[in-house]
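Undergrad: As a plain string of letters, each chain reads:
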Amino acid sequence: MKRSIKSISVLVCICATVAVLLAMTNYLTAPIIQKTEQENASAALLEVLPDGGSFELVDTSAYTLPSTVSEVYKAENGGYVVKLSTTGYSAGMVIMCGISADGRVVGTKLIASAETPAIGGTAADTFAGSVVGKDVESVDGVDTIAGATKTTAAYRSAVKDALNTVIILGGGSVDIRTEEEILADNLSSALPSANGEFDKYFFVEVLDGVDAIYTANNNSGAVCVIGEKFIAVDTDAKVLSECSDAEAQAVRSAIEKISSTVITDIDLTAYEGLPKQLISAKITATGNYIIEIKAAGYGIAGGNEYHPASGKYIEIRVSLSADGRIIDCLTLSEEETDGIGSACADERFYGQFDGKTEENYDDIDAISGATITTDGYKKAILRAFECVKIFEGGEK
Amino acid sequence: MKKNNGFSVLMNGIIKENPVFVLILGTCPTLATTTNVFGAFGMGISTLIVLICSNILISLLRKVIPDNVRIPCYIVIIAGFVTIVQMVVHAFFPALYDMLGVYLALIVVNCIILGRAEMFASKNSVGRSALDGLGMGIGFTLALCSIAVIREVLGAASFAGIAIPFLADYKIDFLVKAPGGMVVYGLLIALVSALTFGKSPKKKEFSCAGCPGAKLCGSAACHGEKHEEKEEK
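Each protein sequence line maps, in turn, to chains A and B.
Going by this note's numbering, the first sequence opens with residue 116, and the numbers climb by one from there.
Going by this note's numbering, the second sequence opens with residue 1127, and the numbers climb by one from there.
Derived from the structure by calculation, the hints contain no laboratory data.
Some hints here could point you the wrong way.
Straight-line Cα separation of at most 25 Å, DSS-like style, residue types lysine-lysine; simulated pairs [stated by the list, open to error]:
{"#": "1", "chain 1": "A", "residue 1": "Lys121", "chain 2": "B", "residue 2": "Lys1249"}
{"#": "2", "chain 1": "A", "residue 1": "Lys344", "chain 2": "A", "residue 2": "Lys372"}
{"#": "3", "chain 1": "A", "residue 1": "Lys391", "chain 2": "A", "residue 2": "Lys427"}
{"#": "4", "chain 1": "A", "residue 1": "Lys117", "chain 2": "B", "residue 2": "Lys1303"}
{"#": "5", "chain 1": "A", "residue 1": "Lys372", "chain 2": "A", "residue 2": "Lys315"}
{"#": "6", "chain 1": "A", "residue 1": "Lys121", "chain 2": "B", "residue 2": "Lys1297"}
Only some residues are given here: those of chain A computed to face chain B with a beta carbon under 7 Å [claimed, not checked]:
{"#": "7", "residue": "Leu126"}
{"#": "8", "residue": "Val135"}
{"#": "9", "residue": "Leu137"}
{"#": "10", "residue": "Thr140"}
{"#": "11", "residue": "Thr144"}
{"#": "12", "residue": "Ile147"}
Model, not experiment: these values are computed from the prediction.
Heads up, the beta-carbon is just placed ideally off N, CA and C, and yes, glycines get one too.
Construct the complete structure from the given sequences, taking the supplied hints into account.
TA: Dropping the structure here:
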């Protein structure tokens, strides 16, 4: 009994002493360990904001920030480091941007990218140097680098987003809407009765002086775009918005032209040699053609283990004058790879064909990373030109 | 245990009873941490510190610790020192801490340390125990470093993380992997055996004495141990 009590007490004493020693060591080393870990974490942040001191992750859930912003850190000296991910020539550009307390770029770094190393990669390094010291206004003045326009333009807009983020976090307000959102807002304010639902009118005639027409889905009228101006008209072609007489005249004649357009279906069986991709063709009273045609994009001609082909064609509607000039072009449907080939449904892509002829239709910017989609699309446009020639050549 | 002078106690651990090459103890950390000279050296030094400290403390407490709870006591003492070393390494050598990972904490169950506590420190004076810890620690460090130099230089064409350019095309990747480590280990055991032939202790001298359960073991081979114990008392 006495022996076991001795054993227990010795063991307890040893355990207690060791525990005290450990507590003391922990007390001495824990702050150093914490400091080292913080330093490691902030080393990347210090690269873009060398005087930042220590950093703290900012909770941005209460703010509406540009969609490119992924993380924001506040530095001890009042500056910020913003981490952004954006798309240059290809997706996955991650940029760290250090911004001083007075809203100027201190340093930026491209920490991950899939840009072409010899082109976009080196351009990004050069560009990173030229944005230093810029604020939210002067950053627009930094030129993109020739040969790497997409990379540097994306870089610039990311830096601008970072600068805007700092303004927003500082309590300021900044217009961070995307182009689509700005358009939707402008349309809604021009014609509130449409409840914000518009369709872009597909031009089948050359309408002088009007850049685009958006018709309200609930038939309450339309909005004509002339330059920067949004002019609303009601169903009786009465101009609702304030504008000059010339603009009102242009709008009225455009609306009149649209409403008087007579469209007739073309009997495809009456012609020989039409491409089999042709879906339908129509002719207007003024002799313009509206052609709907299938394009074999990635969904038909592509496909690999990562991005399987959907087996679906891209459907395109294109209107052409009798002499073979494209009036308007629109992607009706597509099932290309999301985020890559799907850009063929973006107006920035198909809008490029407006006004093109068979000679220069090839002269457009391809969708980056989607060569098969672009090539298929161009081939379909070429077939549309051929269709017009066949229709103009007369029935068989 | 033969009564030797301090110097021979120290040298004993380095060559004659080298824990890695002769006693074949601590094989797990030996294979795991010898892919890089820096990591091997760090591991060796960490073990050396724990070994000296635990040897000294256990030797000091050898009269206090009752026989029936000695193993838990040794474990607590060793674990305490290992944790202290671990905290210090984490605080002051973060690169080494990241490299050694879990093997740093596993020094607790390194049989070299428990073996020396049981075999030597619990029976010898503080000074001799400290020297034994130092010798064994140096022996362990040297063994680890010699394996690591071979594996890193020939296997990864670098030394302590610094690349050796002219070897880059002749790397033997196999050596960096676990089987390669085993082969290098085996070859070095053979080499040490050849060099110390006739001088290394006979199997009987350390096989049972090194066993933590020797005192409770009824095997005939342990009689010498029991006999010795009585003599000391």
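Undergrad: Each hint: holds or not?
TA: How the hints compare with the structure:
Straight-line distance between C-alpha atoms of lysine 121 (chain A) and lysine 1249 (chain B) comes to about 20 Å, which keeps the hinted pair within the 25 Å bound. Proposed proximity of lysine 344 (chain A) and lysine 372 (chain A) is supported: the alpha carbons are some 20 Å apart, at most 25 Å. Restraint check for lysine 391 (chain A) and lysine 427 (chain A): satisfied, since their Cα atoms lie roughly 15 Å apart, inside the 25 Å limit. Proximity of lysine 117 (chain A) to lysine 1303 (chain B) is assessed by CA-CA distance (about 54 Å); at most 25 Å being required, the pair is judged violated.
As the CA atoms of lysine 372 (chain A) and lysine 315 (chain A) are separated by approximately 16 Å, the hinted pair is consistent with the 25 Å bound. Taking the CA atoms of lysine 121 (chain A) and lysine 1297 (chain B), the gap is about 59 Å. The hint is violated against a cut of 25 Å. With its C-beta approaching chain B no nearer than about 5 Å, leucine 126 (chain A) sits inside the 7 Å limit, and its interface hint holds. At a threshold of 7 Å, the smallest CB-CB gap from valine 135 (chain A) to chain B is about 10 Å, leaving the interface hint violated.
At about 6 Å, the closest approach between the beta carbon of leucine 137 (chain A) and any beta carbon in chain B falls short of 7 Å, and the interface hint on this residue holds. Against a cut-off of 7 Å between C-beta atoms, the interface hint on threonine 140 (chain A) holds, since the closest Cβ of chain B lies about 5 Å away. With its C-beta approaching chain B no nearer than about 4 Å, threonine 144 (chain A) sits inside the 7 Å limit, and its interface hint holds. For the restraint placing isoleucine 147 (chain A) at the interface with chain B, the shortest Cβ-Cβ distance is roughly 4 Å, inside the 7 Å limit, so the hint holds.
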